[in-house]
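> In case you want the letters, here they are:
Protein chains: 4
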Amino acid sequence: MRKKERKEPVPAADAERDDELDALYRTFTETNLIPLWTQIDDLMPEQPTPRARPHVWRWSELYPLAQRAGDLVPVGRGGERRAIALANPGLGGRPYASPTLWAAIQYLGPHEVAPEHRHTQNAFRFIIEGEGVWTVVNGDPVAMRRGDFLLTPGWNWHGHQNVTETPMAWLDGLDIPLVHQTDSSFFEFGPAALTDTSTPERSRAERLWAHPGVQPVALLGERPSSPISAYRWEHTDRALADQLAIEAEGHPATAAPGHAAVRFSNPTTGRDVLPTIRAEFHRLRARKSTVVRREVGSSVWQVFSGRGTAVVGGIENRLEHGDIFVVPSWVEYEIHAEADLDLFRFSDAPVFEALHLYRELTGRESTE
Amino acid sequence: MRKKERKEPVPAADAERDDELDALYRTFTETNLIPLWTQIDDLMPEQPTPRARPHVWRWSELYPLAQRAGDLVPVGRGGERRAIALANPGLGGRPYASPTLWAAIQYLGPHEVAPEHRHTQNAFRFIIEGEGVWTVVNGDPVAMRRGDFLLTPGWNWHGHQNVTETPMAWLDGLDIPLVHQTDSSFFEFGPAALTDTSTPERSRAERLWAHPGVQPVALLGERPSSPISAYRWEHTDRALADQLAIEAEGHPATAAPGHAAVRFSNPTTGRDVLPTIRAEFHRLRARKSTVVRREVGSSVWQVFSGRGTAVVGGIENRLEHGDIFVVPSWVEYEIHAEADLDLFRFSDAPVFEALHLYRELTGRESTE
Amino acid sequence: MRKKERKEPVPAADAERDDELDALYRTFTETNLIPLWTQIDDLMPEQPTPRARPHVWRWSELYPLAQRAGDLVPVGRGGERRAIALANPGLGGRPYASPTLWAAIQYLGPHEVAPEHRHTQNAFRFIIEGEGVWTVVNGDPVAMRRGDFLLTPGWNWHGHQNVTETPMAWLDGLDIPLVHQTDSSFFEFGPAALTDTSTPERSRAERLWAHPGVQPVALLGERPSSPISAYRWEHTDRALADQLAIEAEGHPATAAPGHAAVRFSNPTTGRDVLPTIRAEFHRLRARKSTVVRREVGSSVWQVFSGRGTAVVGGIENRLEHGDIFVVPSWVEYEIHAEADLDLFRFSDAPVFEALHLYRELTGRESTE
Amino acid sequence: MRKKERKEPVPAADAERDDELDALYRTFTETNLIPLWTQIDDLMPEQPTPRARPHVWRWSELYPLAQRAGDLVPVGRGGERRAIALANPGLGGRPYASPTLWAAIQYLGPHEVAPEHRHTQNAFRFIIEGEGVWTVVNGDPVAMRRGDFLLTPGWNWHGHQNVTETPMAWLDGLDIPLVHQTDSSFFEFGPAALTDTSTPERSRAERLWAHPGVQPVALLGERPSSPISAYRWEHTDRALADQLAIEAEGHPATAAPGHAAVRFSNPTTGRDVLPTIRAEFHRLRARKSTVVRREVGSSVWQVFSGRGTAVVGGIENRLEHGDIFVVPSWVEYEIHAEADLDLFRFSDAPVFEALHLYRELTGRESTE
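Residue numbers (my numbering), protein chains in the order written: chain F, 1 to 368; chain L, 369 to 736; chain C, 737 to 1104; chain Z, 1105 to 1472.
Just so you know, the hints here were simulated from the structure itself, not pulled from any lab data.
For glycine and all other residues, C-beta sits at the position ideal for the given N, C-alpha and C.
There could be a bad hint or two in this list.
[As the list claims (entries may be wrong)] In silico contact screen, one side only, chain Z against chain F (beta carbon under 10 Å); selected entries: (1) Thr1135; (2) Gln1151; (3) Tyr1200; (4) Asn1260; (5) Pro1361.
[What the hints assert, rightly or not] Far from chain Z by the CB rule (all over 12 Å, computed), these chain F residues: (6) Pro74; (7) Glu188; (8) His336.
[To be verified] Computed far set for chain L versus chain F, every beta-carbon distance over 10 Å: (9) Val424; (10) Arg462; (11) His479; (12) Glu480; (13) Arg513; (14) Thr567; (15) Glu590; (16) His603; (17) Asp610; (18) Gln611; (19) Glu617; (20) Phe632; (21) Glu648; (22) Gly681; (23) Arg732.
Make a model of the complete structure from these sequences and hints.
Here it is as structure tokens:
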């Protein structure tokens, strides 16, 4: 891409003109007006210039801090959740992982309960480790276990309870920044106690919807969000293993050599699980790398197991179990596996696809 | 609905006029013209008046005849398949179960091979009993086992082989009549020998696509037909059992009380498995009945297990294992289970939905 | 495409075997069964082998016959319409232009009224000449004038009246054969007298919907059929003239050099005007030809003005004002203009597109 | 709606605990973490609490300031456009009418040229008065005249020229804030001189696409943005007049009594003209009012002619020719006409509809 060379919008002028211009600009300000020509470089750059920065949060730091919060801060009505948000260092102290995405570690101590509420923000949970918490979604208790990916789509009632003696922590992802920025938040409090405290192995939503290609006739019809409440690790793991095995047998299956990838999908549409959030799971064999990429929109990755490195915007970071990193819009990135590396990923791609603003670029841009 | 009272289109006229009219009608015929007013009652009835009739074919008769054909008629290039079509007695000796649907029993003897071909007609197989045949779809061998529902969508290469000492028979369903009637058949011969004679437990298509809600990133995108080559009985059975269990727990899940039903779906769209064919599986608890229904379009049912009766167009028929019956368009029907009754069903509903011609009516129409 | 060489399905066999086979075939017949292997060549040809034939009906013959019917046959309840269908000579005396399409000349004498009714069949009218008839669609009177294309989508009430001293005749197009073949006809009689006998220049539907790109906020939403009741000749003519002018200015606009073409569309979806019928208007400059084509599905063309020839399936026919010809599925055709040639066209392409059975081939297939 | 009563998230605690909590919060900050429980009231309000404020900009002030800018600031490469943005007083000095929408007055003096460029931001122009400027969109010159609504969808090349001795000013609308906030801006400079300086009455895009319901066969297919470059005032005006006339005749047509409204639409989809922006025109008869409404998302209105008042968020403002006002998300508003009142409106509704975040409420909410 040719380098942008924006010339001076306002030519050199004599002193009288300068005074008049100053006066005009003052009047603009008083009249709540701002000229484009002083703003265009910032407002309409030649390619995205995100304020959000690539950043890695270490699980080895996050978990002890969540634990400490567990000791000091009760969970309950008002605060609603003991969730600690990853605040992108480029976003001025806002609790945003990126301009659109919220990522937080949520911590629930032994026998604690997070009360029921609902909101227009779409939410999911990804379980990096542990078990023993049930989330109750519209009255349907859903077990949370290591490797599972769980949904609470917008305006669904939900609360959580830990039924064990052991605390549990997991990753929460939401579209809070997008909803906040666009003034589309509605929120409603539910009962303080959970509507159903039973602890079934499988939720009703799974028993109705989580069969491959098989749908309940009584509940058919397109829905904006997936009705599958929990995508279980056993299925994700098997799908990834199958892809690598098929690749080894000589057939197309993987995203790139040694790089298996699945997308969690809404069975009623075949599209993304939530209208604003895409979720995927990636598996890289040892010594393999992803293709170098840039994408419009941001994504957040969490290491599920294994180790490797991520090069985001030219800066390399080591990746260990539980580490979370963010890739801002149009920042080049690639991931290398040292040992077999499993990563969960979520992004805001459905937003850009829906608005026809999505682009991606694979391979390294030439820089001559 | 008010009874139609069509008056005489042509009033009584004098003899001279009659002669002139006869002459006109003769000229019409010579000029390849036909007046609407003599045809409208047949052409545009007040509600569908199908020539196809409700009919039951007995598995106890079908299977021995297929076996006999196995003894006498080789399978191979030219005839292509040892398939014996159910010919609706109302359709004038055409091999059509209904005006749109083909249903046949296909029989493959020990170590026989049905050669590869492809055609625009969409096809599926439902396996009422047995195992030991693999169908090779686009080079991917797919095991066929009791209770499975398998797809060969239009223009996919496919052939079959029986690798055992035991013959196997199953139900084939296609849209042959529709495609024939609309002159949209394309057909191409493939190799006489199968492209892959291996006999894996799971096909590659299943390993890529048959995970609940999980899709391969490398192969994403909407497809007109489902990429799942085989919907396995274990998943269908479990989904039906889950529905009945959830109903027993007091939550909505079933199509009607004691009547579980699943639809096989295309995971890339959430819609029907084939553009022209809908496929479902129904389970009725003993002593339960379906709701009385009429539907535009026709359907074919096969009893998988159990026994009961079907009342179609006012005529009751006993249902035993393997029996196949057809319900023509807008004919009232209901099904009763004596013992727990499992039924496979396919229909042409997607055609009518796509063309905005679909209607259905549940409950008995009042006849006063 | 490789020529199909289907071998004998049944090998030569000894006499005993022949007897056994005869017995088996008799049993098949008694049991309402038909083997595929004796039918496959007819049922599943390598490419469409339509029974419908290319044929031309001459306006110079049609109009006098319609006039004669006007003298002898009253129009009214029961016969409903004085419509005379074009019966394809290949379709065994059925009133079908093709297996899916009905085309008829309808004739309404001075001050005659065709009573109101509605049906699931989708209908349109194309006005080759004349004026003075209003069709009342759901209570909204729509003027019919030379060059106009008018819609009565399925299940819309409609009747006609001629308010002049002059008879009027026009082309009716419907999906009667498709609806009949698939047993999806519903029909209901309305009042014998028209619900509104006023004769406005523009219908309410046009005043609401026939503004370029502008939709009424009160009536927004996707509809299966176009809400525009009449596509007026002045707009069609201008769009065609504009295309040829833009082509002459050196910009892309036409379907082929000297060949302008517009499609009538549903403004609420951008797609076809009716779920089962596509309608277009084509203009060929003198001495220009269409590209040679084959298409799955059938189409019917009517010459609006000018003269030329149509080569359909290798047979050339002269085209004069009002002549109507049919192109069966997959039959090669091209049209040549001697003088500037305007043609109206309708087809069943939306059916095949919806069912993913559509194909087309442009240019002449090599035959070596 | 029940008033939200969020209780204290953190209960009163002893001093030691306070110190520990302070330490924890400090560590959070150092680790780029922010707890939800201190932020939730701001982040996830019970209903939208926009920072953007209702505001009116007076045309009587805007136009002279634009003229003054015309005297002092040249237009050309770098600044690109002499556009002055309406800066919502609640949005901290950013040039945003709302969190998603940009609205500006653009001014082009006699014989001035604004150079060609393209960007991913979607843009339109609404012409409140004047004529004599042509905008060249992808090489196609489009006349700009009073009452017209013109599109330059994302990534379309465009530049402007004034070919007269008279300056011209108009309203520009874009999705700049949304694109900026989500880091999805791409921008490319084109030639400094316009690619086509001709001044045709109608653009090629109009000649191809702006015929009611008629589409060019050569260019068919769904597009994310409308291919109609200009929606002309004569069509808009006629559609509005038609609605009011049909209402007077006793048939449904208007948005509310005495309130006609049209939406500009994409003829290839029937949906909004741009993926991110909805545009409508409203006409209120004298002494009529709109229904009281709240909508998720923001809108900007400009008075085209007539006078009246707008009550937005409980504050009444007089409306005169050219006045522009913004309605932030979920703020109650209604408009009253004193004299017949014509208003142009644009909003970000397609964004919220695509993301399933849209809601609206008509009528006054009870406040007991």
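> Output the indices of the hints that this structure fails to meet, ascending.
4, 5, 6, 7, 15, 16, 17, 18, 19, 20 and 21
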